[in-house]
Amino acid sequence: MLLCRLKQQALLLHRSPTAALITRQLFHEIPATTSALPPPVVQPLTPIRARLRSGVGVDLAAATWALKSSRELKTGSQLHAIAVSSGLFSFLAVSNSLMCFYSKSGHFESALVVFASIPNPDVVSWNTILCGFDSCVDALRFAQRMRHAGVLLDPVTLTIVISFSGDLQDISVVHQLHSLALKSGFDSDVFVSNALITAYGRHECIESARKVFDEMLMRDLVSWNAMISGLTQEGSCADEAIEVFVRMVGDEGLRPDHISFSSAIAACVQNSDLQLGSQIHGFAAKVGLKTHILVSNVLMSLYYKCRCEDSATIVFHEMRNRNVVSWTTMISIDLSNAVLLFNSMRIDDIQPNDVTFVTLIYALSPQHSIKEGEMIHGICFKTRFSTEVNVSNSLINLYAKLGSMEDARKIFDDMEIKEIISWNSLISGYAQNGLCEEAILSFSSAAIHSKPNQYTFASVISAITSAQTVYLSYGHRLHCCIIKLGLNTDEYVAGALVDLYAKRGSIVESQLVFDEPFRKSLISWSAIISAHAKHGNYEIVMKLFEEMVNSSILPDHITILAVLTACCSCGMITMGRQIFDSMIGEYKLDPWPEHYACIVDLLGKAGKLADAEEFLMKIPNGPGVSALQSLLGACRIHGDLELGKRVAEALMEKEPMESGAYVLMSNMYANNGDWENAARVRRWMRDKGVKKEVAFSWVDAGIGDSLFMHKFASDDNTHPLAEQIYGVAESLGSEMMVLEEDELMAA
DNA sequence: GTAGGGTTAG
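Under the UniProt record's numbering, the first residue of the first sequence is numbered 1, with each subsequent residue one higher.
Derived by calculation from the structure, the hints in this document are not laboratory data.
Be aware that a few hints might be false.
What the hints assert, rightly or not - With a straight-line cut-off of 25 Å between C-alpha atoms, the simulated DSS-like cross-links for lysine-lysine are:
| hint | residue 1 | residue 2 |
| --- | --- | --- |
| 1 | LYS645 | LYS688 |
| 2 | LYS520 | LYS588 |
| 3 | LYS645 | LYS608 |
| 4 | LYS520 | LYS503 |
| 5 | LYS588 | LYS305 |
| 6 | LYS484 | LYS451 |
| 7 | LYS618 | LYS645 |
| 8 | LYS451 | LYS410 |
| 9 | LYS382 | LYS371 |
| 10 | LYS654 | LYS605 |
| 11 | LYS605 | LYS645 |
| 12 | LYS305 | LYS290 |
| 13 | LYS618 | LYS588 |
| 14 | LYS618 | LYS654 |
| 15 | LYS608 | LYS618 |
| 16 | LYS691 | LYS645 |
| 17 | LYS418 | LYS382 |
| 18 | LYS520 | LYS484 |
| 19 | LYS401 | LYS305 |
| 20 | LYS520 | LYS305 |
Start from the sequences, fold in the hints, and give me the full structure.
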């Protein structure tokens, strides 16, 4: 008889369809049945079984204790069998422990089965199941069921439900549960208050979190941690988070644990506050927590964000245990060794997850071949991560980056679920590859099939920003939609608009968008600075650059290049060199060839040709084309034929088919009155087959909503209406001649 | 000696 019950239960546990049935029964209030169950597999067991055999018997304490310390499914199932055979299962302490075991060891369905077999579950039984759910929706439905079953709500139930409500989209449930806590008097329970702080924190409703925290009579370490992490997550309260951390340590004398440290350091990451972060690092070392996996992981982010990759790497190497987060962070720190690190991670027996793949895919640069991209894609496929939406999105980005929009499109078309992010990846992919028309078409589809968000708009705007053709009227139309949708103060949209108008519209419109209240990112700062730099507005550029640095945004290569350009066009030699030095010293950026070229240009234009040449010689790996071009240009302006010849030769050697050097050299001879050599260079150019780049022009017919642009090159007759167009051009020409004659006659 | 709160990577 006993064996039969045992068999029944063991079967139930390992047959998920049965478990699924029980789940349905729980939700639909169908009375559970445990009849008609196939045979079990029972393994011999452990000291407890020995005790049972030797007639000592197993008591309640032994059974629950054994369950608590066990994590292996096999051991748990065996204990389950013993509990049933010894009759201990009928004690709620034992059956509840069993549910807890199954739930914590990742076999929630088995816990549900046990629950269904308990004749009179108590509130602990219900709570144990309640906290085992993955999804907050399921958990809250189960809580409703508890209420219908007449289970009396206790602080534990409330704590669990509040913590689930933090995951919901809608904050109103948190508010409801908060008032329930006040009504029932459970708000004095520390656990309940802590859960409330966290739930409010997750909804970034920091005022309410703070209120709960402030009104607590007794706070424990978890309360402080919840408050600190809530402030850290909010995004704009990092300073307050630090303040609370300091109060906790200084005023309350509490000893921070790994979670306090990780939250406080995360706040430093947000502020890019290397100094304070390092201090907290030292503090963690003092209390022996610096190599804790959580603390080390966030320390790596700190050093990475503050561009101290070496320190981040040291933290990684000092870790005794590393998890998938540590490895993934390390991959994002050392992108050039991403594949190598990925392999080491697998040797270390750490399984990658979707984030790892997203990072790894991101690490591949346009310099990588399609083949390498396909290899990573293959690993994603084998490990079954390629169907994850975020991984697919990254793959779209990858193929776009590698220049293969066909592959990107294929991934997109194969996706079962397309998020708006997927559309955004596709649109920005077309944008990067200069396929503006496709980007606009995809944007239209996205608007039909999905709900465009700020990123969709930002992507399509960036497409028209980088398009060869100027789609300004389309840009204005998009801008109108954006204002209507209230997205004009979104940092990405506003940033993209600043960039669009800076590059394609007018600096006035760009400045107008920039003056709107939105969170200025590096991109938007760089866009507005670049725009003013192009117009030679030196004072404005320097003022904006100062404002940007003061708002703790670190400049990147593009920003510095813009500032250098401004210095260059206004001949600010000292400032230019100062910025160049700070780029290396203060901002830890390796100059690009363009930055060197800028300084060469700056010195050259000012007539300091010798300094320029000296600087040029110091460029690591030799001067790039742009630096040589700058110097050659300067030689032309200042008439230094000798240096010009040397530079032109170097340039022609580097790029024999580029017309620039030949044209400049020939012009220099011509300026000098040396027509013979000027002609010689031109001849030389012709013999080598070097051609000047073809100039393009375009006409927007501007009819209705049409986006069609008519493009022309010189001597181009590929347009379908070429004959008519040339006809009109000719008749216009003759009309002009007539007009000119008339004017002459009148004179 | 059965149930509840705080945590890191794109």
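Quick check: which numbered hints come out false for this structure? Nothing - there is no hint that the structure violates, so all of them hold.
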